[in-house]
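J.: Mind docking chain B on chain A? Use the hints.
Protein chains in written order, with numbering that gives the first Met the number 0: chain A, 0 to 391; chain B, 0 to 297.
None of the hints are false.
The following label-pair restraints were derived from C-beta to C-beta distances:
1. A:E228 to B:N242: 53 to 59 Å
2. A:F324 to B:G134: 33 to 39 Å
3. A:S174 to B:N37: 47 to 53 Å
4. B:G35 to A:Q182: 36 to 42 Å
5. A:E201 to B:V7: 20 to 26 Å
6. A:S210 to B:E89: 32 to 38 Å
7. A:Y242 to B:P6: 57 to 63 Å
8. B:E220 to A:E228: 51 to 57 Å
Below are the BS3-like pairs computed for lysine-lysine, each with C-alpha atoms no more than 30 Å apart in a straight line:
9. B:K291 to B:K254
10. A:K233 to B:K85
11. B:K191 to B:K88
12. B:K36 to A:K48
13. A:K48 to B:K200
14. A:K378 to A:K276
15. B:K275 to B:K254
16. B:K287 to B:K251
17. A:K222 to B:K85
18. B:K87 to A:K155
19. A:K155 to B:K83
20. A:K342 to A:K307
21. A:K48 to B:K88
22. A:K48 to B:K197
23. B:K244 to B:K200
24. A:K155 to B:K85
25. B:K195 to B:K87
Note that these hints are calculated values from the structure, not bench results.
All values reported here derive from a predicted model rather than from experimental measurement.
A virtual CB, placed ideally from N, CA and C, is assigned to each residue, including glycine.
What follows is each chain in one-letter form.
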Amino acid sequence: MVKKIMTGNVAAAWGARLSRAEVIAAYPITPQTSIVEKLAQFVSNGDLKAEYIHVESEHSAMAACIAASQTGARAFTATSSQGLVLMHELLHWASGARAPIVMVNVNRALAPPWNVWVEHTDMMSQRDTGWIQFYAESNQEVLDTLIMSYKLCEDKEIQLPAMIGLDAFYLSHTSEIVDIPDQDQVDRFLPDYESAYPLDTENPLSIGSLSMPNQWYSEFRYKIYEAMERVLPKLNQIEEDFYKEFGRKYTGPLELYNTEDAEIILIISGAASGTIKETVDTFRKKGIKVGLIRLRIFRPFPSEALGKALSNASFVGVIDRSFSFGHEGAIFTELKASLYGRKSVPMIKNFIVGIGGRDITTDTITEIYENCFNCLNNKKVDVSVEWIDIKV
Amino acid sequence: MKRAGIPVEEFLYSGHTACPGCGAMLVARYALKVLGKNTIMNIPPCCFAAVPGTFPDTSLGIPLLYNAFETSAATASGIEAALKIKGKKEKINVVAFAGDGGTADIGIQALSGAIERGHEIIYICYDNEAYMNTGIQTSSLTPIGAATTTNPVGKKGGWRVRSKKNMMDIVAAHNIPYAATVNPSYPMDFIKKIEKAKSIKGPSYIHAYSVCPTGWRCQSELGLEIGRLATESGIFPLYEFENGKYTINYKKKTKGVLEYYKQQGRFRHLSEDFIKVIQEMVDKEWAKLLFKEECSHK
Chain A
0 MVKKIMTGNV AAAWGARLSR AEVIAAYPIT PQTSIVEKLA QFVSNGDLKA EYIHVESEHS
60 AMAACIAASQ TGARAFTATS SQGLVLMHEL LHWASGARAP IVMVNVNRAL APPWNVWVEH
120 TDMMSQRDTG WIQFYAESNQ EVLDTLIMSY KLCEDKEIQL PAMIGLDAFY LSHTSEIVDI
180 PDQDQVDRFL PDYESAYPLD TENPLSIGSL SMPNQWYSEF RYKIYEAMER VLPKLNQIEE
240 DFYKEFGRKY TGPLELYNTE DAEIILIISG AASGTIKETV DTFRKKGIKV GLIRLRIFRP
300 FPSEALGKAL SNASFVGVID RSFSFGHEGA IFTELKASLY GRKSVPMIKN FIVGIGGRDI
360 TTDTITEIYE NCFNCLNNKK VDVSVEWIDI KV
Chain B
0 MKRAGIPVEE FLYSGHTACP GCGAMLVARY ALKVLGKNTI MNIPPCCFAA VPGTFPDTSL
60 GIPLLYNAFE TSAATASGIE AALKIKGKKE KINVVAFAGD GGTADIGIQA LSGAIERGHE
120 IIYICYDNEA YMNTGIQTSS LTPIGAATTT NPVGKKGGWR VRSKKNMMDI VAAHNIPYAA
180 TVNPSYPMDF IKKIEKAKSI KGPSYIHAYS VCPTGWRCQS ELGLEIGRLA TESGIFPLYE
240 FENGKYTINY KKKTKGVLEY YKQQGRFRHL SEDFIKVIQE MVDKEWAKLL FKEECSHK
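Same shape as in the complex, but just chain A (with noise of 0.2 Å):
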């Protein structure tokens, strides 16, 4: 075990190098670059053996990988904002494939006009593609959840792609201390990827055929309902291995952050949590019961969890750092869903922030915990959806 200053880029490299990604195919975008660089690098000097696949786009990218994986390689890629986007056909492509591929994506907005900073719909509106969905808090976490996600992909049970956000900057080319576990000690928790169904040419079968509506195309599609069910299960038994592994403990699809006793919870994904819980312990030293929940995982949906979760909270503020135009934020959305029917259900508001890039600081959060008091003080909720820090 080493300790290095890197930043969240460079750890996703380790982490793919630990993971032993047999094909890699790359193509640059800011703020992901340095990932494929660092990986390049890593090939380049034999410290990872592995097929580099210089592609013409992200679009190529994903079809390579999916191939790849197809074959019984395991596949990595990392890609960002516009390159996520491009990508979308080959995103429904590779969970119907039940291509295991891992890909980090550092979230970036959407142009125009152009931005190259963070913000969460690149991944939000991936939502549907079958994918699990990670979002980090540090750039240890980037490196240990790709670990994970390889283990938990490749299950026989869950045969699913999955992709972990970083933010961009934030995370991406910020450095901090990342703990680099043994190579020895990754090779022990991850075994070799060992494909179910490969292109094989002394068993060969003909895959991804057509499928009448009379056949096996809603099999295929239920199949892949059932692992997305089993993914949250299987995770938590991951953790439990990583932990005696590796000696980090990682929490399930939430980090909960002073909730017990919080009479108002904040819920975010993303690296922009650090700044809440400073603020949070602000709130706290004054006796104020504020807590925040972390939400590591967006796919599947942890509704189970986040209901137990708040079930003792008086109300609710969802920050979304993307917005679904003509509706709300898509963290807000989600969870109303998933509060329906429960019988104590907490005042609910969604707050958008962060869009673009625009910093979240302590005080943007002090504004939003005072807004969410003033409507719980109220018995009201003034709007449902509030953009916050907005100049006009």
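T.: Relative to chain A, chain B alone:
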């Protein structure tokens, strides 16, 4: 009776659902006979994706991967890379098999990328000159003069007035190690070229003439004859591009284009004057090809 030089073993079995007289099936059948058992094939949406059978049936004796429309060459790249890292590439041929739309239109970016990267893949484009699987829509390889469902003949014209892209020139511009045109009407030439493609260390591109009686409005039993006319008239010359050198494999340009055009209903609206214009274009292209051959061997 065994025809000398044509492998006996079949990898495309009966039971497929292709139209009678489908040229693409002959292309696949000859190609697979030469490529053999140790072959992995991938295909985008195209006629050939619809005919081997619905899940779980297949009429192919080799592993087949279906891929998204624009990804044939990228998919073959991924298969090749995975086989390489697993130490299996030496034994296995990786073949992308795509139609003209999947190659020259939506798939051309991925094809360009894969050739440039030098993957050891064989890319076969079976060119039936339109989007036939969706019902005869114009592609960039639909020939001048043809009527399709998106270039329908109407009172104001409407049939196609643009010429085909030259895919051989496009792949040659990548300095591909080997590219060749093949025509199932010339099976021995066809087989020789697939054998060569198989032996190439790097990418190879095969452009296959592929009669479509349904889309071309011609008699299904005339497919091979029409194919011969295509080559004998110089409309579809048989040639190779190898290590920068062009070689024409069939040099007897003995027929005029009229004979070819009048066999097919898709051209029946054309005036003799317009066919003369086409004749001039074909002659010019043929002269260019002869010149390319001459220059490249100097």
